[in-house]
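K.L.:
These are the residues of each chain, in order.
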Amino acid sequence: DTAVSQTPKYLVTQMGNDKSIKCEQNLGHDTMYWYKQDSKKFLKIMFSYNNKELIINETVPNRFSPKSPDKAHLNLHINSLELGDSAVYFCASSLYSSDTQYFGPGTRLTVL
Amino acid sequence: DQQVKQNSPSLSVQEGRISILNCDYTNSMFDYFLWYKKYPAEGPTFLISISSIKDKNEDGRFTVFLNKSAKHLSLHIVPSQPGDSAVYFCAARNNAGNMLTFGGGTRLMVKP
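Top to bottom, those sequences are chains P and L. If you're matching positions, the first sequence starts at 164 in my numbering and goes up one per residue. If you're matching positions, the second sequence starts at 1188 in my numbering and goes up one per residue.
Okay, chain P solo, but in the shape it has when bound (with noise of 0.2 Å):
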């Protein structure tokens, strides 16, 4: 009955390859985002969902594609991974009209 849960919890792949991260919260949100948390430990913000509406978008390469199937689903592709790309990834989710966000348990990726 976890709130939040991402898929997997680690993912070691090659450069070059396509990998995708899935999220799921049954917390009856409708909002969900994805952090990315680097080397340096900071959680930046890459994308947030309304109602599977794309809402924030931040700088972020176009390999990097979310996709929200329903409100309860927001899953991150990644298309030709590298070196850089190795990081944290977290899931999250809110009410839209509130200010509290939920954590999933993160997605380590390492890029060889």
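Just so you know, not all the hints are guaranteed correct.
Claimed, not checked - Pairs of lysine to any residue, SDA-like flavour, derived with a Cα cap of 20 Å:
(1) P/Lys203 with L/Gly1291
(2) P/Lys203 with L/Leu1198
(3) L/Lys1224 with P/Glu245
(4) L/Lys1224 with P/Ile208
(5) P/Lys172 with L/Met1286
(6) P/Lys204 with L/Ala1283
(7) P/Lys207 with L/Val1274
(8) P/Lys207 with L/Arg1294
(9) P/Lys230 with L/Gln1189
(10) P/Lys182 with P/Glu245
(11) P/Lys199 with L/Leu1198
(12) P/Lys207 with L/Lys1224
(13) P/Lys207 with L/His1263
(14) P/Lys207 with L/Arg1204
(15) P/Lys207 with L/Lys1192
(16) P/Lys207 with L/Asp1188
(17) P/Lys203 with L/Asn1209
(18) P/Lys203 with L/Asn1194
(19) P/Lys207 with L/Lys1241
(20) P/Lys199 with L/Pro1227
(21) P/Lys203 with L/Ser1197
(22) P/Lys207 with L/Ala1283
FYI, nobody ran anything at the bench for these hints, they're computed from the structure. In this text, all values refer to a predicted model and were calculated from it rather than measured experimentally.
Chain L: place on chain P using the hints.
P.N.:
Below, chain L without anything else, positioned relative to chain P:
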């Protein structure tokens, strides 16, 4: 350009004493502030928040103070417990949207 800064990367405190974690921000458009706690290999969990119209918010052992003129907030934990050992992130919300900007985190170690 870091708009939210936590200048102390780590803090060590004796059990039972007070822990004070500090956070500074530069963007005057921030109107809501949150503290998150993060254990290793887990996602950040919401701890406490404060609106810019207040200068103090208390929840059990946790109190957040906001000094708008100084653009500074602090989290006080009294008394500190070994289970409080974690990384604490300060986050701020821009009044123009739901995006959270995070500080770099402070690692708190509470010694028994």
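K.L.:
Are lysine 199 of chain P and leucine 1198 of chain L close enough, with their CA atoms no more than 20 Å apart?
P.N.:
Violated - the C-alpha atoms of leucine 1198 of chain L and lysine 199 of chain P are around 24 Å apart, more than 20 Å.
K.L.:
Given the hint that lysine 230 of chain P pairs with glutamine 1189 of chain L, test it: the Cα-Cα distance must not exceed 20 Å.
P.N.:
The hint is violated at about 29 Å.
K.L.:
With a cut-off of 20 Å on the C-alpha distance, tell me whether lysine 207 of chain P and lysine 1241 of chain L pass.
P.N.:
Violated. Lysine 207 of chain P to lysine 1241 of chain L sits at ~26 Å, over the 20 Å cutoff.
K.L.:
Is lysine 203 of chain P close enough to asparagine 1194 of chain L, meaning Cα to Cα at most 20 Å?
P.N.:
Since the Cα atoms of lysine 203 of chain P and asparagine 1194 of chain L sit roughly 13 Å apart, the hinted pair holds (cutoff 20 Å).
K.L.:
Are the Cα positions of lysine 203 of chain P and serine 1197 of chain L separated by 20 Å at most?
P.N.:
Holds - the C-alpha atoms of serine 1197 of chain L and lysine 203 of chain P are around 14 Å apart, at most 20 Å.
K.L.:
Would the pair lysine 207 of chain P and alanine 1283 of chain L pass a check requiring their Cα atoms to be no farther apart than 20 Å?
P.N.:
holds, 17 Å
K.L.:
Given the hint that lysine 172 of chain P pairs with methionine 1286 of chain L, does the C-alpha gap stay at or below 20 Å?
P.N.:
violated, 24 Å
K.L.:
When you check the alpha-carbon spacing of lysine 207 of chain P and valine 1274 of chain L, does it fall within 20 Å?
P.N.:
holds, 16 Å
K.L.:
Is it true that the CA of lysine 182 of chain P sits at most 20 Å from the CA of glutamate 245 of chain P?
P.N.:
This hinted pair holds, its Cα atoms lying about 11 Å apart.
K.L.:
So if I understand the rule, the pair passes when the alpha-carbon distance is 20 Å or less; does lysine 207 of chain P with aspartate 1188 of chain L pass?
P.N.:
Holds, because 12 Å separates the two Cα atoms, which is no more than 20 Å.
K.L.:
Going straight from one Cα to the other, do lysine 203 of chain P and asparagine 1209 of chain L come out at no more than 20 Å?
P.N.:
Distance of about 18 Å is within 20 Å: holds.
K.L.:
Between lysine 207 of chain P and arginine 1294 of chain L, is the straight-line Cα distance small enough, at 20 Å or below?
P.N.:
Answer holds: lysine 207 of chain P to arginine 1294 of chain L is near 18 Å, not above 20 Å.
Hint violations for this structure: numbers 3, 5, 6, 9, 11, 13, 14 and 19, all remaining hints satisfied.
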